[in-house]
Structure formats: C-alpha cells, structure tokens
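Work out the full structure, taking the sequences as your base and the hints as a guide.
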Amino acid sequence: MYEFLGKIQDLGLSQAVRGDLGYEWLFPIVETFHVFFLALVFGSIVMVDLRLLGLTSRDSLVSRLSREVLPWTWVAFILAACSGTMLFMSKAQTYFYNREFDLKFLFMFLAGINMMVFHFGIYRKVGSWDSTFPTPAAARVAGAVSLLCWSLVIVFGRWIGFTT
Amino acid sequence: MFRPFADWIATTKLSLLFQNVLWIIPLSQSIHILSLATLFGAVAMINLRLLGVGSSGRSISQLVNTMIPWVWRALAVLLLTGTVQTIAEPVRQFVTPAFWGKMGMIVVVAIMTLLFSRSVRSNAARWDNPTTRPGSAKAFAVVSTVLWLAIITCGRFIGYTWFFYAQG
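Those protein sequence lines, which keep their order, are chains A and B. Residue numbering for the first sequence follows my numbering, beginning at 54 and increasing consecutively. Residue numbering for the second sequence follows my numbering, beginning at -9 and increasing consecutively.
Quick caveat, the hints were computed from the structure, so don't treat them as lab data. Values in this document were obtained by computation on a predicted structure and should not be read as measured data. Every residue gets a Cβ at the ideal spot worked out from N, C-alpha and C, and that includes glycine. It is possible that part of the hints are untrue.
Between beta-carbon pairs, the in silico distance windows are [stated by the list, open to error]:
| # | chain 1 | residue 1 | chain 2 | residue 2 | range |
| --- | --- | --- | --- | --- | --- |
| 1 | A | 183 | B | 132 | 26 to 36 angstroms |
| 2 | A | 112 | B | 67 | 20 to 30 angstroms |
| 3 | B | 113 | A | 64 | 14 to 24 angstroms |
| 4 | A | 201 | B | 132 | 53 to 63 angstroms |
| 5 | B | 7 | A | 57 | 37 to 47 angstroms |
| 6 | A | 63 | B | 129 | 45 to 55 angstroms |
| 7 | A | 180 | B | 12 | 47 to 57 angstroms |
| 8 | A | 120 | B | 59 | 15 to 25 angstroms |
| 9 | B | 7 | A | 75 | 48 to 58 angstroms |
| 10 | A | 180 | B | 105 | 35 to 45 angstroms |
| 11 | A | 173 | B | 85 | 50 to 60 angstroms |
| 12 | B | 115 | A | 65 | 26 to 36 angstroms |
| 13 | B | 90 | A | 216 | 23 to 33 angstroms |
Okay, structure coming up:
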C-alpha cells in the first residue's frame, strides 16, 4: 500500500500541487478552492438541516427547499471532492496514515448513512409534514445528526493541516 | 508601524495563553470555517435568487428576512474567532497584505449588505416584483459574491505569508 501511495505522489499532478515543479502557489490555490466548495456544501446543508429542525425558513415547504438547494450541494460536493483528491495526491503517504484524516472520512460516511436513512425513511412521507410544526422527530434527529457529522468533517479536515 | 504593536500583543499573557494551549488555534479556525460556510451558504442563496437561478419558491424579501440574520450571526462568530487568531498570531496577521485586503473588503461588503437588506425591508413590494426591482440587484449579487470569494482567498493566504516575500 505504501508503495502504491508513493506512486500516486510521484504523478505529475501530485508533484505540481506539492510545489515541486516550481508552482509553489498551487497548493494554497487548490486549498482555497476546496474552502469555496466546502463552504457551499456545508452552508447549503445547514439551511436544509435548520429547516428540518424548524429553526429557519419556516415559510418554505421542506420538499421545495430540498429541491432548490440540494442540487447545488451535490455540484459543490463533487468539486470539493476533486480539489480534495488533488490535495490528498500531493502527500498521499502522509494523509493516508493520519488519524484526523480517518476521522474526517468516518464522519462523512456517517453523514451519508444519516442522509440515506432520512431519504428512504421519513422523507418518503414528506407530503404529510411539508409545512407542519413541529417537524417529525425523525426529521429533527436527521437534521441534528447531519449538522453534527458535517461540522466534525470540517473540524477534522482543518485539524489534518496541524498534524502533517 | 504595526510591527511594534504586533510584537507587543505577542508578549501579552492572553496571546501567550492562545499560543501555548495547542488546541485553541485549530479549534478557533475550525469554528471560523464553519461560520464562513454558514455565511457563504446564506449569501449564495440570496445572490443566486437575485441572479434568477435559485430559491424560486420564495420572494426576495422572504429570503432576505430569513437569510440576512444568519449572515450577521455568522459574521459575529467570525469576528470573535478571527480576533482570537489575531491575538494568538499578531505578527503573521499584521505583516500580511492579505490580512489588510481582507479587512478592507469585509468593511465594504458588510456596508453593502446592510444597505441592501435595509432597502429590501423598506421596499419589499418593489424588490419582489421583477419589473420594478432596482437594476442594481444583479450587480449587487455579482459584486457581493466576488468580494466574499476574495475574502476567503485572502483568509487562506494569511496562512502563507511566504507567498508575499518569496517572490523575486
């Protein structure tokens, strides 16, 4: 595995992002784009989660808000994943054996499970609670778990930079 | 002229505390990112709506009334955590052009946002009707988005002071 990660690190793109090819500014630039995209991912998810908790956007149907916001979330998520992959490739051996890196992806995985439980669970009956308050307990739990998991993804993501 | 001031801050007990307790800076930066993401999400929803590509289910005044309070709440947390980071690493902050550029742009975008939200609140009907909406609506959306992206960029580059000195 370590050798394979070494091969990833030796790719031209990895070297460029790392700054070995004379583009010292590339790593911070890719990081900056990663922050743009994660801001859109987290910011958009927060607005949906707060609605599930009944704390804001009470004048919007849950289904309508989801349809309006979540496509942007997915586009931003894909772009965050691409920029994140570039950052990973530049120091693959370091990041792969980093505890904070593992924790970040653990919480992203849990956020994904939570999303699926919500989507295939209480959200299938959203028509019956689209504009009622308080929102169903299952929806509030999904919103709170999502906020917690995504916050930890960002916290551990930031922490990676202090441990490598 | 700011260097002696920065050097003085760096010797205060509070700064030494922030420097020596290892989790304070990463935690403060993490909260800073969570807040900027919340702010940027709220700003993006308003600006995309002004550009006609999102949040069509709500009028502009509804969206402004819902989202602007989140912008100010997030900005308050950003100022607080940013102050912690400045006290902890004053020299890094004050010598970097990225820091001063960021502060200048925050003042500009905050004033713009305040004037915009006041205008929407006092003339909701005018803003909600596409035919009477001020022509500056789209310009506001573009300038505000660009400024926030530039602020985030400067913020990230404060961490790379060498970038401004390694050149040439």
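(message) Assuming the hint says 20 to 30 angstroms, is it satisfied by the Cβ distance from residue 112 of chain A to residue 67 of chain B or not?
(response) holds (25 angstroms)
(request) Starting from the range 47 to 57 angstroms, see whether the pair residue 180 of chain A and residue 12 of chain B falls in it by beta-carbon distance. (result) holds (50 angstroms)
(message) Quick check on a hinted range of 35 to 45 angstroms for residue 180 of chain A and residue 105 of chain B, using CB atoms only.
(response) holds (40 angstroms)
(request) Starting from the range 26 to 36 angstroms, see whether the pair residue 183 of chain A and residue 132 of chain B falls in it by beta-carbon distance. (result) holds (33 angstroms)
(message) Taking the Cβ atom of residue 90 of chain B and the Cβ atom of residue 216 of chain A, is their distance within the range 23 to 33 angstroms?
(response) With Cβ atoms ~30 angstroms apart, the hint holds.
(message) Assuming the hint says 53 to 63 angstroms, is it satisfied by the Cβ distance from residue 201 of chain A to residue 132 of chain B or not?
(response) About 35 angstroms separates the Cβ atoms of residue 201 of chain A and residue 132 of chain B, which means 53 to 63 angstroms is violated.
(request) Using the beta carbons of residue 7 of chain B and residue 57 of chain A, state whether their distance is inside 37 to 47 angstroms or not. (result) Holds, at about 44 angstroms.
(request) Can you let me know if the beta-carbon spacing of residue 7 of chain B and residue 75 of chain A is within 48 to 58 angstroms? (result) violated (40 angstroms)
(request) Return holds or violated for the Cβ distance of residue 120 of chain A and residue 59 of chain B against the range 15 to 25 angstroms. (result) About 24 angstroms separates the Cβ atoms of residue 120 of chain A and residue 59 of chain B, which means 15 to 25 angstroms holds.
(request) Indicate whether the distance between the beta carbons of residue 115 of chain B and residue 65 of chain A respects the range 26 to 36 angstroms. (result) Given range 26 to 36 angstroms: violated, Cβ gap about 57 angstroms.
(request) Confirm or reject the claim that residue 173 of chain A and residue 85 of chain B have a C-beta distance inside 50 to 60 angstroms. (result) Because 53 angstroms falls inside the window, the suggested range holds.
(message) Against the range 45 to 55 angstroms, how does the distance between the Cβ atoms of residue 63 of chain A and residue 129 of chain B compare: consistent or not?
(response) holds (47 angstroms)
The earlier numbered hints that this structure contradicts are 3, 4, 9, 12.
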